[in-house]
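2 protein chains.
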Amino acid sequence: MVKKTLKINGITRTVIAPADESLANVLRRQFGLTGTKIGCGQGQCAACNVILDDKLVRSCVTKLGKVADGASVVTIEGVGSPDNLHPLQLAWILHGGAQCGFCSPGFIVSAKALLAENPSPSRDQVRDWFQVHRNACRCTGYKPLVDAVMDAAKVMRGELKAEDLMYKLPPDGVIWGGKHPRPSAVAKVTGTLDYGADLGLKLPEGSLHCALVQAKVSHALIKSIDASEAEKMPGVAKVVTHKDVKGKNRITGLITFPTNKGDGWDRPILCDQKVYQYGDAIAIVCADTLAQAQAAAAKVKVELEELPAYMSAPAAMAEDAMEIHPGTPNVYFVQKIAKGPETAPIFEKAPVVVEDDFYVGRQPHMPIEPDVGFAYLDDQGRLCIHSKSIGLHLHAAMIAAGLGVELDKLVMVQNPTGGTFGYKFSPTMEALVGAACLATERPVFLNYDYHQQMTYTGKRSPFFVNLRLAADKDGKLLAMESDWTVDHGPYSEFGDLLTLRGAQFIGAGYDIPAIRGEGRTVCTNHAWGSAFRAYGSPQSEFSSEVLMDELAEKLGMDPLELRYKNVYRPGSTNPSGQAPEVYTLPQMLDILRPKYQAALAQAKAQSTATVKRGVGISVGVYGCGLDGPDGSEARLELDPDGGVTLYTSWEDHGQGADAGALGTAHQALRPLGLKPAQIRQVMNDTAVTPNSGPAGGSRSQVVTGQAIKAACELLLAAMRKPDGSYRSYQQMVDEKIPTVFDGKWTAPATACDENGQGAPFAVYMYGVFMAQVAVEVASGQTSVEKMTLVADIGKVNNRLVTDGQIYGGLAQGIGLALTEDFEDIQKHSTLRGAGFPYAKQIPDDMEIIYVEEPRPAGPFGAAGVGELPLTCPHAAVINAIYNACGSRVTKLPALPEKVLAGIRA
Amino acid sequence: MVKKTLKINGITRTVIAPADESLANVLRRQFGLTGTKIGCGQGQCAACNVILDDKLVRSCVTKLGKVADGASVVTIEGVGSPDNLHPLQLAWILHGGAQCGFCSPGFIVSAKALLAENPSPSRDQVRDWFQVHRNACRCTGYKPLVDAVMDAAKVMRGELKAEDLMYKLPPDGVIWGGKHPRPSAVAKVTGTLDYGADLGLKLPEGSLHCALVQAKVSHALIKSIDASEAEKMPGVAKVVTHKDVKGKNRITGLITFPTNKGDGWDRPILCDQKVYQYGDAIAIVCADTLAQAQAAAAKVKVELEELPAYMSAPAAMAEDAMEIHPGTPNVYFVQKIAKGPETAPIFEKAPVVVEDDFYVGRQPHMPIEPDVGFAYLDDQGRLCIHSKSIGLHLHAAMIAAGLGVELDKLVMVQNPTGGTFGYKFSPTMEALVGAACLATERPVFLNYDYHQQMTYTGKRSPFFVNLRLAADKDGKLLAMESDWTVDHGPYSEFGDLLTLRGAQFIGAGYDIPAIRGEGRTVCTNHAWGSAFRAYGSPQSEFSSEVLMDELAEKLGMDPLELRYKNVYRPGSTNPSGQAPEVYTLPQMLDILRPKYQAALAQAKAQSTATVKRGVGISVGVYGCGLDGPDGSEARLELDPDGGVTLYTSWEDHGQGADAGALGTAHQALRPLGLKPAQIRQVMNDTAVTPNSGPAGGSRSQVVTGQAIKAACELLLAAMRKPDGSYRSYQQMVDEKIPTVFDGKWTAPATACDENGQGAPFAVYMYGVFMAQVAVEVASGQTSVEKMTLVADIGKVNNRLVTDGQIYGGLAQGIGLALTEDFEDIQKHSTLRGAGFPYAKQIPDDMEIIYVEEPRPAGPFGAAGVGELPLTCPHAAVINAIYNACGSRVTKLPALPEKVLAGIRA
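Quick note, the sequences are listed as chains S and E, same order. Everything in the first sequence is counted per our numbering, starting at 14 for the first residue and increasing by one. Everything in the second sequence is counted per our numbering, starting at 14 for the first residue and increasing by one.
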C-alpha cells in the first residue's frame, strides 16, 4: 500500500491503495467517482481520461504509484455538474454528442485539457487531439463531438453565451422533427449516469464478484471439472458449474423455423459436455472481491480433450468434418429464394451477365463499454437480472427454462448501456449471473474485461456470397442468382432468421423480376453470430452493390445511372415479391446526381501520381421490424399533476430510446399541450414495463412508436369531453374513468415463405450512399474524405437522434470497409487490433440529406433509422476505391495490402 | 433486495439494497456520499440528517424499504460544494460552526430544511428546531450554529449578500488575533472531509472489516477461547486472538512514576488471562464484509470464570478485595502534597473551618464520531495505523512492543477526527487494528458502534475528595487539607499523573500558605480512566470552588469577595509552591463584579414561587503543558514558489490545530508578507511529521507554537540578507543555504516532587466563571440561563477558535454539572442515556470577556485555551443552584432528584 494526498476535483483526499492499482480503479472503486468510465481497460479508448496535474492521462493505465504525492486530479465530476454545466457539457448536449454516453466523460475531460492548452483550436486540431489521445467513440462518427468542442470554445472565449448552447422549445411547443436533447443527456455528460459497472460498484455489501473460468480452445470435450481447490481459496463463496444450474442449462433461440434441423437448445449456460468456442464459460467463481474470484478461477482444473476446430463455414462444411452439435448437421438450415420465372433461361439469353464472389467478415461491435451485468433475489423471491439486454422479455423467455425459474419469477432490467450495436440482441451473461445468483442466493456482479467482450460476445456473421446479375444492353436488370453461406458460429439462435436476410436484401433496392438462390446457415467454432446493426444487409447488399458497379463497368454505364434505371418505381417489387410502401429512390438519386458529378470531377482534379481519388455510390435498403406481424405494447398513465408517465420496454443501446419515446408521445399528446418534462418515462424493467419487444431491426420507432401513439390516443379519447376539451386527472377520478391505458400495435406484414416471398416489413428505409476516397498508391492505404447519405427514413422524429445515428452508422461502415475484423481471436481481441476507427479515420465531412416521405404504417409517418446508415456504406467506399485506382476489393476488410494488390494487378 | 429509483441531489439513481438497510448506509457505502456522517447510529445525534421528499430525516434510522420509490434525497453534497458554497455553509465558516466538523453536515442539512419551512426563524425557533430534530454538537455549545443560521437566513432573504459572510483579510495582512477561518472549514461544511469511517469505506478492495469479540462482564478469568467455528464462517480471513499477537500483547502507560507500584504493562491488547472491564477485546474477527465479521464474532466461544467486579474505588479498596492485577495492589500509587507549614496546628486554631465531601464522576466524552481506525502495511513494510490518536508518537511508543514491531517500522497517522475531548490521549483501537493487520497482512478497518464507543474507550476518572479549608475571620485562607481518591479503572496509564493533578489543582487560584494532603490511584473494574479536557482539574477544583462558597456562607461573605481576597497576587504561590507567571485574577474579578451584582439582582427579581433563580461563580486554573520540561518539534520548509510548508504533529481533536499552527506561523513569518494560503501544512503522520508531542493539556499552542516560532525564526535568519531584505528560494538554493529548519522548544518548568512541589507549568490559564440558573422548585430541574467567562488565556491567536473552544467547554461543564454520567454501563451507553446536552440545555446567552495578559513563555504571549472553560464551570452552576434554592449538590451530576432533595432538606 501507498498513502498519497491527492487534490481530487479541488478537494484534498487521502488515498491508500496498492502502488500498482490504476488511478481509474482508485477513483471509481474507492472514491465513488464513477463518472470516469473504464472501457477497454488497456489505454485504447480514453473513456477513463482524467487531468492529472494539468496533463491529460488515461487513468486505466496510470498506476497510483506513478502519481506524485500532492497531485491534482480533475475528473468529469470536477468539470461541471447537472446544476452547473460546463460549456463543453452544454455543447455536448446541444450537438447530441452523448449517444450511449459512455465515452462522453472521457471526451469532455479531453476537450477541457485541449482548450486549456489551445483556446482556439481548428477542427483539425480538435480531431488531431482526439486521435493522439485515443479518444474512441463508436456512436457518433466524431463529427458532433468536434462541433461541440468548437462551440464550447466560443463560449469560453466569450464569443457566444452559455445560453446560446441551450435548447429552446419552439414557440409552437412542438418537439417532433426538432432537436430536443435526449432526456438522459445531462446525466451522460456529467458522468452521473450509472452504467452497469457503476451500479455494480454500488451494490450492497455482501454482493459477490464473479470471475469466469473460460475455454482457451475452440472445440473440445470436457472430461472433468475440479473446483475443489478453488472453493477453498480466500473469499470464495462458491464455484458454480453446470451441476449447479437447476434448469436445462441451455439458452434457447426460441424462434426456430420449422425447417431448421436443430432445435435451438444448443447453447449451454455453463459448458457440460463440450466446449464449442473460445471463451465458452465452464465455471463461475463467486467471491467477495474480484481479485479473489480471479485468483480462485485460476485454480479450477478443467480437463479437456481437444477436437478439430472449424473456424469458418467452408471448414465446417467439409465432408470429413464432425458434427459440432452431435445429431445436428453443421449445415442446419437452408433458405431458398424464388421470385418470378426461372432464372436459368434468362441468364442463358441475357446480353450482359456479371458474377463475382464476396465476403463480408466477422465485424466486431466494439462498444466502448464492455459487457456487464448483475443479479439478485428481490423481496418477492424473484431473480432480477440487470444487463445490457436490448431484448428484455425475449431474453427472459430464452433463459428461464435453462435456469429453471418460472417466467413470473424472473425480472429483466436494462442498465444504462454504453453501446451494443446489436450484440445484446443475444443474451450474453444474463444466464451466467442468473445461475450464480441462484446458486449463492447473494447478489452477484460480472464485468467482462475487453478481451472477454471481444471473444465471448456474438459477432456479425460472415457471409460468403456468389452473385450473378443478368441485364439487358441498356442496363435493365433481368434476373439474379444468388448463393450465400452464413458462418453463424456454434450457436443457432436467430441464425435461420439471419440467413433469410440474404433472400430479402441481396439485390434490394432494384426491381429484379426473376430471382433464384439458396442460402445456408453453418455451425462453426468461431464466435457465435449475433445481431449487428443492419443485421444481414451489409453482408447481402455488399454483394449486389459492388456487382452493380461491375455491371455498370461492363455496360459502360455510369454506376449512378445504372442504379437510377433499376431502382424501385411504382409496379416494382422487392426481392421478397413485396411492393415497396414508397418509391423515393429515383428522387434520392436525382438529388445525389449533381453532387456525385461534382465529386467525380473533383476527384479527378485532385488525383496525383501518388494519391488517387475516387467516388463510389451504393444503395441501401432495410426493413423496420421483425419479420411479419411484429407487435409491441406501451402503457400510459395520467398522473395527478396532469403530466403522464409512459411505460415501455424500448431498450436503449445508446440510440436514443428515451428521445424516441418522448418525441412520439409528445406529438401524440399535443392536444394536452404538455411540456416535454411532463412526460415521465419508466423504461426497461420487465417487472413494471410491458413487452415492447426487442430494440433491434430499427423496429422500435415504428412498432413501439405506434404502440405509444395508440396508448396516447386511448388516453386522449378517455379524457376528451363532449365539448372537445379535456378532463383533468381529478375529473377522471371523480367520473371513475380509468387513467392507465395499454397501447398495442401489430405491423401489417406477413412472414416470408420457404421461397423467401412475402411482405415481411410494413416499413422500409432507403438510402443512397456516396463515398469520396483517397488511395495512397504506394501503400494501398485508403482514407475516406467525405461520406454523403441521401436518406429516406420517413418523417423524422428527432433530428438530433437521426443525425447522430447516421453519422455513427457511416463511421461503422467505413470501419467495416477498411479495417474492422474479428478473425484472429488473439490479434483482433483489442480495439486497436480489431481495427477500431478513431477520429482521423472518419471524415469530418459527412453530409446527410433527408427525403422525408411519410410512411403509411409509421407513427406520424416515421420509419426507423439505426440500421440504414450501415446497410451499405462500405460498398460505396469499395466502389470509390475502384473508381480511384482500379482495385476491386470484394473480400472485406479492404486492408492496404489488398487494395495494393488490386492496383498492381 | 429491493430496487428503487431515487433522485439523490437531483440525480436519478438506481438503488439496489436490502429493504432493511439504512438510508445512511446506502448513501455512504453504495453511493460514496460520505458527507452524510453516522455518529450514534441510533437516531440520537442527527449527524446523518438528509432531506427526504422535503422532510428532514435521520438517515441512520430510515430504512430503505420505507423510502418511497421515486423519492428525492438531498444530502450535504446537494446543499453546496467547495466551489459553490450555500449561504449556510458560508455562515458556518464565518462563525466557526465547524470545529471537529463531524456534526456540521447534519446541522447544515437540518438548517436548510428549517429555512425552507420558515425563512425567518427567531433564535429560539432555530434552537427548538435543533432540539426537536436531535441535532447534537459536542464542540460549539450551539451558539455559533444559531448565529450562522440567522446570518444565512438573512442572505437567503436578500438582506445580506453572500460576500458579507466571507472572511476578509485585514488591510495590514495580519491574521493573529483575528477570526481567520480554520483551513479545514470548507471541507467540513461541505461534507468533503474524509473522517476515519469515510476513509475506511475508501480503502482498496481486499481490505478486511473487523468485528470485536468483547467481554460482557467486568471481571473474569479466561478459561478458553475457541474460534474454530468462526474461522469457517463465510468471508472470514482470520480470527485474531492474543496468540496471534507477536509482541508483549500489552499497552504500556510509559510515563510511570518511580513510586508507582505497577509497571505500566497492565493493559492487554487482546485479553489472554483475564477480562478487566466490560468491553475488553478478546478476539478480532477479520472478514471481507462487516456483516460477515459480526456473524462470525458471534460464533467465537469464550469460556469465562467470572470474578467479583469492583465497580468503584471504595469497593476495590475494601480489605477483602482481590488484586485486579495480581501482584499489584489495587491502590497502586499515592501522591502527597505538602506545602508550607504543617496544617494540623493551623486548623486547630483557625477561626473558621469548613469541610465537605465531593464527587465528580465518570463523565463520558461523547464525541459525535465514534472511535474508528484502520491499518495496513505500506510498500516499505511498515505497519501504518490511522486512527483518532491525539498522541501519535506517544502511542507508537505505547504499542510497539506490545505488537512486536520496531518503532521505525510503525507509522501512526491521525485521520480527520470528529471530536475526542481527550479520550484519544489513550490508545484505543490502535493496537487492535495493528495486531489484526499484522496477523492478516491485509488492510483492516474497525469502526466502533456507539455502544462500543461508550463502553470501551476511556472515561473521566471519578475523584472522591474530602476537603477542609481554614480561614481567618476576614476570610483570608490559612490552610487546606485534602484527601482524594481516583478511580482509574483497570488500566494504569497516566493514572499517577492524573492523581498528581489533585495536588496541583485542588485549591488552585488561591494563595494558600499551608497545604497537606494525599491522593491515591485505585484500580477498579469500571471504565478505564483516560484524559478528558481539563484533565483532573474539574474533579479537583470542584471541591475547592464549592467549598469556597460554603466558607463564604459561613463567614457571611459574598462568594466573589471571598475569592477576591484570596486569589493570586504578587507574592502568592500556587498549590505546587510555584509563583504564578501572571496575576490577573483580581482584575478579572473586578471585571466580573458589576455583572455579578446585576445578575444577583436580576435573579432575585425574577424568582417566583415555582422557579427560583440564582447566580454562582467559580475560579478555574489550568496549566498549559505536560508536567515539567515539556518539549515539541516543528519543521518548516521554504517552497520553490516562495511559500512554505509547515510540518507538525499538532493533532486535531477538532479544536483547531490547523488554525493554531497557521496563525502562529503566519505571525512568525510576517517579515515575508505571506498570505495565509502560502503557508501549507503537512500534519499528523509520523512518517513525515516531527514529534510535536500529544495534543493535550492545552499544551500545543504554547509548546508546539513555540517550536513553530523557532522554526520560523531559523528560516527567517537564514533568508535574511545583510541589508535586511530576504532571499528568494532560488537565491537560497544558489547560495547553498538550507531551506528546511527544525524548530524545537522546551518549557522552562520542573516536575513536582513527592510532595507535589515544583514549577510544573510555565504557562497557566485563568478564568472566572459565572452561572445564572433557574431551578424548578417542584422538580429540581435546573436550567442554565447564562454563562459568563472572564478568561485570561494570554494573547489570543485566533478568536474564532478560542470563542468556539470556550463555548464548547462551557457546554460540557453544564453537562458535567447537571446530566452527564457513565456509571451504569447499560443505561448510560447511549448519548441520551448518558445525559448528552442538546441545544436547549445550553444557554444561547454565553458571554466571554478576554483579559489578554501576555505570557512570557507563550509564543507572542499566547497561552492555551481548550481546558480552561472546563476547569470549573460546573462549580459555578452548582453554586448558582445553591444561591437559587439552597440545595447544595456536592456529588455530580446534579440530577433533578438530587437538587430536589436539597430543597426539601
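Honestly, the hints are just simulated from the structure, not real lab data. Keep in mind that a hint or two might mislead.
Each pair may be met inside one copy or between any two copies, as identical chains are not told apart.
[Stated by the list, open to error] Straight-line distance between alpha carbons at most 20 Å, and here's what the computed EDC-like set of lysine to aspartate or glutamate pairs gives: (1) Lys20 / Asp652; (2) Lys259 / Glu454; (3) Lys68 / Asp747; (4) Lys16 / Glu454; (5) Lys567 / Glu244; (6) Lys362 / Glu836; (7) Lys422 / Asp160; (8) Lys312 / Glu748; (9) Lys245 / Glu454; (10) Lys76 / Asp392; (11) Lys314 / Asp285; (12) Lys79 / Asp837; (13) Lys16 / Glu218.
State the violated hints by number, sorted upward, taking the hints as numbered earlier in the document.
3, 5, 6, 7, 8 and 12
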